[in-house]
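Enquirer: Okay, here's what each chain looks like letter by letter:
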Amino acid sequence: MTQTDSLRPMVHAALFVALICVGAFIAIPIGPVPIVLQNMFVLLAGLILGPAWGTACVAVYLLIGLAGLPVFAGGTSGIGKIFGPTGGYLLGYLPAVLVTGAISRFLGQTPFRDILAMIGGSIMLYGVGVPWLKLAFSLSWGQALALGLVPFLLGDAVKIAGAVVMARKIRPLLKE
Amino acid sequence: MADLTLFSFQAGTTILHHLDVRAKTVLVCMLSMVLFTAGFSACLICFLVVYPLMCAIGMTMYRLIIRLKGFILLLAIMAATRAVTVPGEPILSVSGIEITRQGLAQGSLVGGRFFLVMVIGMLFAATTRPAALKSAAQWFLAPVPFVPEMRVAIMISLCLKFFPLILSRAGQTADAVNARCGSFKKNPVRRIRFLTLPLLKKTIISADHLCLAMDARCYTERRTDPAFESNGRERLFLGAGIGLCIAMVILSQESFWMIFW
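From first to last, the protein sequence lines stand for chains A and B.
Here the first sequence is numbered in my numbering, starting from 1 and rising by one per residue.
Here the second sequence is numbered in my numbering, starting from 1001 and rising by one per residue.
Read the hints as simulated data drawn from the structure, not as lab findings.
Think of the CB as a built atom: it goes at the ideal place given N, C-alpha and C, for glycine as much as any other residue.
Hints should not be assumed to be uniformly reliable.
[As the list claims (entries may be wrong)] Estimated spans, in silico, between C-beta atoms of each pair:
id, chain 1, residue 1, chain 2, residue 2, range
1, A, Arg113, B, Gln1102, 41 to 51 Å
2, B, Gln1172, A, Phe112, 28 to 38 Å
3, B, Leu1044, A, Phe112, 53 to 63 Å
4, B, Tyr1051, A, Arg113, 24 to 34 Å
5, A, Phe112, B, Ala1247, 52 to 62 Å
6, A, Phe106, B, Gly1088, 44 to 54 Å
Pulled out of the complex, with its shape left as it was, chain B reads as follows (with noise of 0.2 Å):
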């Protein structure tokens, strides 16, 4: 479980690491809403334009694929589920579940359109110094009546921090379990209890231990306030994906399609 590095920072010196944190998270958020109702060929668009951008950090599709296997089984399965439900026309029968065109195209598109969105989220977050994540929290929360931004933004950065440990402790207590012998027991609760009991006991022991820290350093909200890393190209890359957003609702109008037709 500690191998798990969907939240991890990868270093590095392509431009999504040069690029401010707000023109990244600006053009996440416009890619998954546009992706949720995206045709398949929008959705090939936009593999098109991701893909070399994961390659550039090094995130191949081999490596995709290995580090997402037990995601892209849940996807297939939830898919295989939209090709038995939805009616349609049937293109396979086996032993009374029938297989249908039109569930077996949804359930692909379904599938395909989560993968996007995870592989966005995980190069965000691959690009993405936490620290600059807090940062451009606070800095979208600031107009925001009666929200405390620098709270919100400490409470991230927190969270961030712990996110390592809680996954790594949880693979220890995992381990530990097995150890002896709890993956043998039947009874739901009690593997929850086994789990989880010693993982919240740890961890809330290493936030108190932080909390004393951070008094003993005299640690407030009051904190200075965040620089942003830029490189210039920022206007050039919104523009680009408001472009790849506009083309891809575009191409997911079915009334485009009929100009061809």
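Okay, chain A solo, but in the shape it has when bound (with noise of 0.2 Å):
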């Protein structure tokens, strides 16, 4: 193993890092809502860089969001914001990608099992994010679930079908 071999993956896990947190500016307007990619390079994280080195990447971008640097969503940052109401998506980051990972690593690379994991990665946001969310509000949960849930599920399935066939297309060139 050349040190090439082992610089790699962290240079790759860095790369993605940046993309997640340019993703909150990379905006697709597709009608009266634009498509934002932000979540969407969380889960190619996991799906391109497994299940440890995906898991460092969204830890090393809550840090620096943490830190104080404007990456999170809207250009804000601080520890404020993960514990504001919307600081549960920021966390579910952590283990959505960690399942996408773990899934795509356990059942195999193929665009139908790629998708299951990303389905189980973005069920992970959202069983972190809507609860939190509903807590900080006093919501109940129909109100939670129409708020932070049923909004974004058109968004995730066109972003759920980007991912899969950029996977597709990425792996081959990490694997060169």
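Using the supplied hints, reconstruct the complex from the two chains, each of which is provided in its own coordinate frame.
Expert: Given below as structure tokens:
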């Protein structure tokens, strides 16, 4: 194993940290609500980097945001964002990328299994984010789901479909 | 997109530029925590403290609004949504949709908090060198067990180098897609694919070139320990910051205002 082989996963993980940060600012206008690519890059990190490097990548992203750089959605940052109403979605990135990476590693890398892995990751993301939102705003479960889950489902389906296509094209590049 | 300079360091000689990055990090964390529960008066006090610092680095309100117009629009939409969804005393009714006093107050307060957090983050990014941020992360993580702080520091450093590259490539790719009438495509998956796939391919190739360059220079995680720049006013700034946070917490308490009523 050459030194380049040991450096590559770290550099690729750093690249995905940057993509997740920048993903909040790359918006694709589709209909009235633009699609922001941030959580697509989180799930893609799980698929491409695997559970360990994927989780490390998201942890570094959260650390950069906590340290004060405006990398969270909407250009915000700081520890207060984590304790705010949408903090659950940020913390949910950790189990989401871990589960996506683990399912992808365990089941294998076919488009259908990638979709399953990302659905699993999304369930983890909303599994942390929606209850957090419910607690923060003292909402009922119905209101929390209506505010924090339902509006994003269609966009997430599009992002998962996009991520599957990208994962298929990118994996050979990383194996070269 | 490449014009987006949210993450860019702006060289300068202000007090904030020479303040120890660890003190700045602690201040940003404290302020952002306090801001998320702050009331109107606390937000106003915070703005009055932060605004002269913004002006000192040449970030006037006009430039800030121009630079953040997209986010300000987003905040305005967020505030407007609250104004019509929060129940309370109606002040205006348009085709059955009622704008309530409580909703308007809550919406503008939440928008104001987000705006201030964003401004503080930009102030931090504009006055902190990426290398200093990497050093601060390494210093803060050193006592944490099982965390490879040097590896994390290198990842942060690399990530900060990748920001402008990705933003610039994203802008170029979007222009190329638009030049080929890609913006007229209706299929959202194809639109994501046409923008993101070339972007990812190019950046991964750049990352691989970087790996080779690092390898050629025998780059390892074992780096020289970071040296921190200090202007000797860190304690004063931390004291003032803690004072500001305490004042903001007190001002945000309803019981404080009851004294005057």
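Enquirer: Hint by hint, say whether it matches the structure.
Expert: Status of the hints after comparison with the structure:
1. A:Arg113 / B:Gln1102: 41 to 51 Å: 49 Å, holds
2. B:Gln1172 / A:Phe112: 28 to 38 Å: Given range 28 to 38 Å: holds, Cβ gap about 34 Å.
3. B:Leu1044 / A:Phe112: 53 to 63 Å: With Cβ atoms ~55 Å apart, the hint holds.
4. B:Tyr1051 / A:Arg113: 24 to 34 Å: Once the Cβ atoms are compared, 53 Å apart, the range 24 to 34 Å for Arg113 (chain A) and Tyr1051 (chain B) is violated.
5. A:Phe112 / B:Ala1247: 52 to 62 Å: Holds - the Cβ-Cβ distance for Phe112 (chain A) and Ala1247 (chain B), about 57 Å, lies within 52 to 62 Å.
6. A:Phe106 / B:Gly1088: 44 to 54 Å: Since the Cβ atoms of Phe106 (chain A) and Gly1088 (chain B) sit about 51 Å apart, the hinted range of 44 to 54 Å holds.
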